[in-house]
Amino acid sequence: MFGEHSAQPIDMHSTAVSDYCRANQGTITLAITWALLSIGILVVSLRLYVRFGPRYRIGWDDYTAMASLVIGIITAGIITKIIASGLGKHTSCLPQAAYKYLEQLIIIWEGFNILGIGIIKISMCLTLLRIVELARRRTTQFLWSLLIFVGITHSGLGMIYFIDSAAGHPQSHIITWAGYIIWAMDAATDLICAGIPILVIRRLQMDMRAKLALCGLMSLGVLTAGCAVAKAISLQRVTADDITWDLNIVAIWAAIEQFLGIIITSIPMLRPLFSDSHKSFHSCLRIRFGTQSYSSWGKNRNGSGSSPLVRSQPKQQIKGPDIDLRDAKKTLPPPGACHGHGQADRNYCADPTHSIVKEEDYVTENIPDDFEENRAVTAQHF
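In full-length UniProt numbering, the protein residues as written are 1 to 382.
A portion of the hints provided could be inaccurate.
[As the list claims (entries may be wrong)] Okay, derived cross-link-like pairs now, DMTMM-like style, lysine to aspartate or glutamate, Cα gap no bigger than 20 Å in a straight line:
hint: 1; residue 1: LYS100; residue 2: ASP241
hint: 2; residue 1: LYS81; residue 2: ASP246
hint: 3; residue 1: LYS81; residue 2: GLU103
[Unchecked claim] Simulated DEER-style distance windows between Cβ atoms:
hint: 4; residue 1: LEU273; residue 2: ILE73; range: 16 to 26 Å
hint: 5; residue 1: ILE41; residue 2: ILE152; range: 27 to 37 Å
hint: 6; residue 1: MET208; residue 2: ASP242; range: 48 to 58 Å
hint: 7; residue 1: LYS100; residue 2: ASP207; range: 57 to 67 Å
Source of the hints: derived by calculation from the structure; they are not laboratory data.
Fair warning: this is a prediction, and the values are worked out from it, not measured in the lab.
Yeah, the Cβ is synthetic: ideal placement off N, Cα and C, and Gly gets one too.
Start from the sequences, fold in the hints, and give me the full structure.
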């Protein structure tokens, strides 16, 4: 990938030379990197907020998600230094000493990028292991094998970059082939991790809408696979004559793949947060506007055009013969007991000591079980 500073001196008018050397694509890379990193910090923070809650427990997938974020921050700092040193500018406009320093920084950055992506994939595999904990044993064994494979390959190839950079004389063919190998494995593992949830979640006992939503969230890894492919294609267009200018697009795709992976890995873990917010919102509406369900056109289920802002009047409660409804339910005979033709049924219903009361004789207001809790939530919102 790298070699000697082979760009020829430019021979243009002084004004044209000035414009040529002022051109800088690095600002685009910088903006994309820090924008995605900011979103990644927010998403991982929300993930930890959910996982540290009383209903959940933190696991190794959460620890690896935090580790991938830490490496992402380090990578963003390195790419910022690289851009300040000349990445995104034309190679012929850089002095020889600056080019050599930039070359070392780029190799170190690529090593951290590979390690960061590897930890992201390990976190994804651990998340899938949490989901398929009760699924087939073969799927669990396959995920553990994939996890070990990703850990060994990414750490090994990442060390190649660090060792090659420390040697002071980077071998361009080694770096290039290592990059192609790791990017091909990234695309393959992304597709595998995106396809496994579909095979596993469809076997779980849950609502179809929840299945589709969870499959969609877990399958977002296809996007990072596309980034890996785009990164490999962009590398084909890098030329030795203007490598610092051409390599900028590769850096953009690498940053998108890494930080998008951080975001995508943590998004499925935020589902309880959105679910709780949805329930709280509907509880507030139910307490404020009544328990009756309305459509978006302001009509209730009976088709009347009453406004949803008008609370429905509760039905009048009919008092029975000094007997509570809960007690009445306990004394009710089994369904159809008083409608049979057997002698036992007739004797049971004829006996006045059974205090048989029809449930439909008691109409109570439809008050939710969590009324007091919802009323407190409503007071906070309104």
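Hint check:
Restraint check: the Cα-Cα separation between LYS100 and ASP241 comes to about 15 Å, which is no more than 20 Å; the hinted pair holds. Proximity of LYS81 to ASP246 is assessed by CA-CA distance (about 18 Å); at most 20 Å being required, the pair is judged to hold. Between the alpha carbons of LYS81 and GLU103 the distance comes to roughly 12 Å, so the proposed pair stays at or under 20 Å and holds. Taken as a hint, the range 16 to 26 Å holds for the pair LEU273 and ILE73, whose Cβ atoms sit roughly 23 Å apart.
A hinted range of 27 to 37 Å for the beta carbons of ILE41 and ILE152 is consistent with their spacing of about 29 Å. In this structure, MET208 and ASP242 meet the distance hint of 48 to 58 Å, their C-beta atoms being roughly 53 Å apart. Between LYS100 and ASP207 the CB atoms are about 60 Å apart, so this pair conforms to the stated range of 57 to 67 Å.
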